[in-house]
Every structure is written in structure tokens, then in C-alpha cells.
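Same order as they appear, the protein sequences are chains S and U.
Under my numbering, the first sequence is numbered contiguously, ending at residue 312.
Under my numbering, the second sequence is numbered contiguously, ending at residue 96.
Don't read these hints as lab results, they were simulated from the structure.
In this text, a Cβ means the ideal position worked out from N, Cα and C, and glycines have one as well.
Wrong hints could be hidden among the right ones.
Label pairs and their in silico Cβ distance ranges [unchecked claim]: (1) Ile307(S) - Val36(U): 28 to 38 Å; (2) Lys267(S) - Met23(U): 19 to 29 Å; (3) Gln210(S) - Lys51(U): 46 to 56 Å; (4) Pro44(U) - Leu242(S): 21 to 31 Å.
Below 27 Å or equal to it, Euclidean Cα-Cα: the simulated DSS-like pairs (lysine-lysine) are [unchecked claim]: (5) Lys267(S) - Lys7(U); (6) Lys201(S) - Lys238(S); (7) Lys201(S) - Lys51(U); (8) Lys211(S) - Lys254(S); (9) Lys61(U) - Lys7(U); (10) Lys51(U) - Lys264(S); (11) Lys267(S) - Lys211(S); (12) Lys238(S) - Lys254(S).
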Amino acid sequence: QQQVKQSPQSLIVQKGGISIINCAYENTAFDYFPWYQQFPGKGPALLIAIRPDVSEKKEGRFTISFNKSAKQFSLHIMDSQPGDSATYFCAAPTNAGGTSYGKLTFGQGTILTVHP
Amino acid sequence: DAGVIQSPRHEVTEMGQEVTLRCKPISGHDYLFWYRQTMMRGLELLIYFNNNVPIDDSGMPEDRFSAKMPNASFSTLKIQPSEPRDSAVYFCASRGGPRGTQHFGDGTRLSIL
């Protein structure tokens, strides 16, 4: 069974700063690692995802860094804005085979607050 | 395009009552997931369906919980009898194909008094 440990639980950043959220997984099999963003009163929405054949993926101000040997991946938000204030979840495939047809195990979430 | 639609958005009921949560997945999506979100336990998968068939219900906490998907456009999660510890936000998500993205609804906030 997959375990995903996410840190920190909460993060406060000034506008324009860099927000960094980390996740570690246990299962050795993998093929897809997404990050979800959740605003109050809304469901989680896919922000960005990475497949393990690359070590980094960038979309605008959001970057995922992936360290296969350490079984860790992180989300970096550059030039953080107040509108980025939300809860962020990482996730990893639950199935031992690592194919994304199965379940995702979510981290506990990080509450990000960006001050103006 | 319409996203995943859940109803009701809020439900307040007394302990012991039956609760039914409803979900309409995105048209054409063949996977449907039910999650529960609490502060203590985070986002937990309860059950998921593929082509209307339950595939894995290992996350369903007790026999009081049941889920059905009578057709490709509708699913229900039922709690009978409900207990205060069932209070949580329940999300439904759907996915098109085995390697697609899970799209979440906006959830049902359930309060059991």
C-alpha cells in the first residue's frame, strides 16, 4: 500500500517569494505524480503532473522536481501571488504495479498563504 | 463543458437518519471515485467504479456505507444509519480512461448532529 508524506502542513510566503512543498512516497513502482490545488468550498483540481522519465516539469510559475532515487518530488511556486493561497496536495499511484489506472494516494495537504 | 456535479452541496441531518449523496460524472468518463475529506484523515478514497462496476471498495469504512452506479451518468453514496463521525466533505471524481486526470466535483459537506 502506498504511503505519501507531505510537508510542511502549512506555509506562509510573501508575495513574490518562492513556495516549496515536498512529498515522499514509499512504493517503488510509479508512472504518474500529480499535484492538486484546492480552494475553499471547491474540489481539488489538477495543477501539474510529472511522469518519472523526466526530473523536472515546468508550467508557468509552477515546477515539479522529481528525485527518483530518493523517492521524493516537490512543487515550487515561483513569484507566489495572493491568488495562489490554497491547499495543495501531492499524490502517487497506489497500485503496486504503478499504473495510473488504479487509485491515487494523496498527501495530507499543505495550506499555503501568500501575503500581499 | 459541465464538470462533475454533486448534490446536495450541504446536508445537515440527525444521527440515525439515512443520507444519500449523488454524483453525475463527466460525460464519457468511465471511472468514478468517491472520496471523503476530513481534517484528521485528509483525502481518503472510499470506492471506485470502472464502467459502472465497483472495482475496489476497500476504503469503505463500514457496512453502513454503500455505493451504487446504476448507469454511466449517475452514482450514489448512501450512509445508513448515519453517525456524527461521518461528518465530512464527500467528493466524487471521474476520469476518462486508465491514464487520465481525475476531475473532482465541488463536494457535499455533510454534518450529522
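Now the hints, each set against the structure:
{"no.": "1", "hint": "Ile307(S) - Val36(U): 28 to 38 Å", "verdict": "holds, 37 Å"}
{"no.": "2", "hint": "Lys267(S) - Met23(U): 19 to 29 Å", "verdict": "holds, 25 Å"}
{"no.": "3", "hint": "Gln210(S) - Lys51(U): 46 to 56 Å", "verdict": "holds, 49 Å"}
{"no.": "4", "hint": "Pro44(U) - Leu242(S): 21 to 31 Å", "verdict": "holds, 26 Å"}
{"no.": "5", "hint": "Lys267(S) - Lys7(U)", "verdict": "violated, 36 Å"}
{"no.": "6", "hint": "Lys201(S) - Lys238(S)", "verdict": "holds, 23 Å"}
{"no.": "7", "hint": "Lys201(S) - Lys51(U)", "verdict": "violated, 31 Å"}
{"no.": "8", "hint": "Lys211(S) - Lys254(S)", "verdict": "holds, 20 Å"}
{"no.": "9", "hint": "Lys61(U) - Lys7(U)", "verdict": "holds, 15 Å"}
{"no.": "10", "hint": "Lys51(U) - Lys264(S)", "verdict": "violated, 38 Å"}
{"no.": "11", "hint": "Lys267(S) - Lys211(S)", "verdict": "violated, 30 Å"}
{"no.": "12", "hint": "Lys238(S) - Lys254(S)", "verdict": "holds, 25 Å"}
Going down the numbered hints, you'll see the structure goes against 5, 7, 10, 11, while the others check out.
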